[in-house]
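Chemist: In order, the protein sequence lines correspond to chains U and B. Under our numbering, the residues of the first sequence are numbered 779 to 1199, in order. Under our numbering, the residues of the second sequence are numbered 975 to 1249, in order.
If you're looking for bench data, these hints aren't it; they were derived computationally from the structure. These numbers were taken from a predicted model, which means no experiment stands behind them. Where a beta carbon is used, it is the ideal one built from N, C-alpha and C, also for glycine. Hints are supplied without guarantee of correctness; some may be wrong.
[Said to hold, decoys possible] Here are the computed lysine to aspartate or glutamate pairs in the EDC-like style, where the Cα-Cα straight-line distance is at most 20 Å: (1) K1188/U - D1076/B; (2) K785/U - E983/U; (3) K974/U - D1092/B; (4) K1061/U - D1092/B; (5) K1061/U - D1217/B; (6) K1061/U - E1089/B; (7) K1119/B - D789/U.
[To be verified] Partial chain B-side listing against chain U, Cβ under 10 Å, derived: (8) R1058; (9) A1073; (10) R1088; (11) G1220.
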Amino acid sequence: MTRLLAKMEVDRRLVGLAVVLLIIWIGFDLASGGRFITPRNIFNLSVQTASVAVMACGMVLIIVTRHIDLSVGAILGVLAMIMGVVQSDILPQFLEYNHPMTWVITLIVGLIIGGAIGSIQGLAVGYLGVPAFIVTLGGLLVWRGAAWWVTQGRTVAPLDHNFMLLGGGIEGTIGATWSWVVAAIAIAAIIYAAIKDRRRRLSFEFPVKPIWAEYTNTAIKAGLVLIAVITLNAYHLPERAAERILESRGIAATAENLVISHGIPIPLLIVALVAIVLTIVAKRTRFGRYVFAIGGNPQAAELAGINVKRMTVAVFALMGVLCAISAAISSARLQSAGNDLGTLDELRVIAAVVIGGTSLAGGLGTIYGALIGALVMQSLQSGMALLGVDTSLQSIVIGLVLVLAVFSDKYFHRRYSDPTA
Amino acid sequence: MPETNNSNTDKNPLVEMRDIHISFGGVKAVDGVSIDLYPGEVVGVLGHNGAGKSTLIKVLSGAYQADSGQIIVDGREAKIENARDARDNNIETIYQNLALADNLDAAQNLFLGREFTDKFGFLDDAAMEHKAREVLHRLNPNFKKFTSPVSALSGGQRQSVAIARALLFEARVLIMDEPCAALGVHETRMVGELIDQLKRDGLGILLISHDLHDVFDLSDRLHVMKNGKLVGTVPTKDVTHDDVLGMIILGKMPEHLMHLAGPGATNAPNKEALQ
């Protein structure tokens, strides 16, 4: 089995994670009498995971450079408040309610301020030499306090209609047709990437994996995309909502056209986009290469002419930008911005990243691992909630799982044993 | 400059350091030392810990700046204020801790800081791996682990990667700080073969070591330092281990080589050594 995986050049850690996730899903499904693996629950799971998943992508890069960011939850909170005020209090003074530009301006403001907050923390870490743990621990308090100050504690609601689509919900999906289009594009990209990579390696006469492995890998990836879209399309809108949509389009409701699919929720689309972009950044750009080099040996990176201080600022700034995206997703999902939004998210994010195989010692980690880690965490939480497990017991279980995950990782894999890292 | 290997007199030195002074808070770490290095030559810089050899070399590699003195590269005075300046003058340093990122593979390490990119600005890993295979194959035909992180390589293989990296930068002067420290017998021999090959290619190599045996086997000339001063420069073939030990410990040129002691050299047993 191990040799088979090696031939296919599949990350063994990834397979381990996938198996764990599958066990959790099947376990909860059996325990709940088939209520866990349903289109509806999978859909909800993907929406609930989105906010943490987006931040986890950035946290991978932070931890790979041997830093940590404890302030992401607080930054999410302050950004959600700022974006709430921008869209509900400030912009309506200039634009009409639910103006199509409102959500765009709001999001841009959030991204810029998020980047600025991240840069400030990055400057303190990189140039002033204060350990990231301390800077971001301070940041946790500062930004949580700042979140309260934005409105003196008032919760901002209602939010802009278009902005709320970012949080999923009944209208925050792209529907069946577009979901198929996305799936087709994704599968085409998977096949193209596989062919291109193989041709490139062959043109240099490098060893390539056997052709059957190539086919299997591609088929598995494409299959996962297909299964995901089929599942999400199988989750239909409630009849009442479907009626309302048909009414707004001026179509009479019949038994057949009342069946409207959710399709891919917008937050999931955002996660996919962020993950793809950051994976490309991590693997295919100088920036990403330097992030890993710094994590592996900061001295060597410096000697190779890499500006480690500036890279530190950039990585933290990127984290701030991702916090803004997460802030948009989670406030849109709750349809309001409260100053306690994102509380304890830093721990969920770090846990997801660590479960996903990122080494706290730096230099090693993957974006896709962090995504699965986030899904594992959310699955545990949702599953236990579905079974009616006490919240207090939920925390205990999740805490133990985190420790167990890191232990098993240390136990079963030698450091850097991962050939794809 | 001292008259040295007869074979070198027809060439100009690759690099010369003249009358280098550097002190840290009143302590003279390097006190008026002059050394030189010719193409195709391996020169050892020897001395006890604290003799000033590492400080002197760090001036050349750009880690420190001299208080006074000149660095002449290819007959022209060069300003070396940081590692980048040194690199611009084709001077590469291979540090004792090897300066590799353990989690990256050989090709990624070789090209760290000057990666190949395609027309969209993305890393061209295949092209880098291709070049890495070519360079490493020349240095070490047994090198196979191109896709493993360098932490999975043996000490000698890691040293090959570090040297290949310097070669890719078109180094003409290679400074090696304790290249055989922490290496086994077989690995040490491998590094020795590497050095011989680089020598044939016309590079000048400065070996910093406090292990007499490594340096004796590999070098053509020896610069010996003590207490920040140059004791003397001697051709390796004209001296014995004991002669050199005397230079290191007593700071004294061997009697039969007294005529080789050049400017900046301490010709006679110096006072400090006798104290």
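Chemist: Each of the hints needs a verdict: does it hold here or not?
Modeler: Structure-based check of each hint:
1. K1188/U - D1076/B: 18 Å, holds
2. K785/U - E983/U: It holds: about 18 Å lies between the C-alpha atoms, which stays within 20 Å.
3. K974/U - D1092/B: 14 Å, holds
4. K1061/U - D1092/B: Holds, because 14 Å separates the two Cα atoms, which is no more than 20 Å.
5. K1061/U - D1217/B: 55 Å, violated
6. K1061/U - E1089/B: 13 Å, holds
7. K1119/B - D789/U: Satisfied, since the Cα-Cα distance of roughly 18 Å is no more than 20 Å.
8. R1058: 6 Å, holds
9. A1073: This hint holds: A1073/B lies near chain U, its Cβ roughly 4 Å from the closest one there, short of 10 Å.
10. R1088: It holds, given that the least Cβ distance between R1088/B and chain U is near 8 Å, below 10 Å.
11. G1220: Violated - the Cβ of G1220/B stays beyond 10 Å from chain U, reaching only about 36 Å at its closest.
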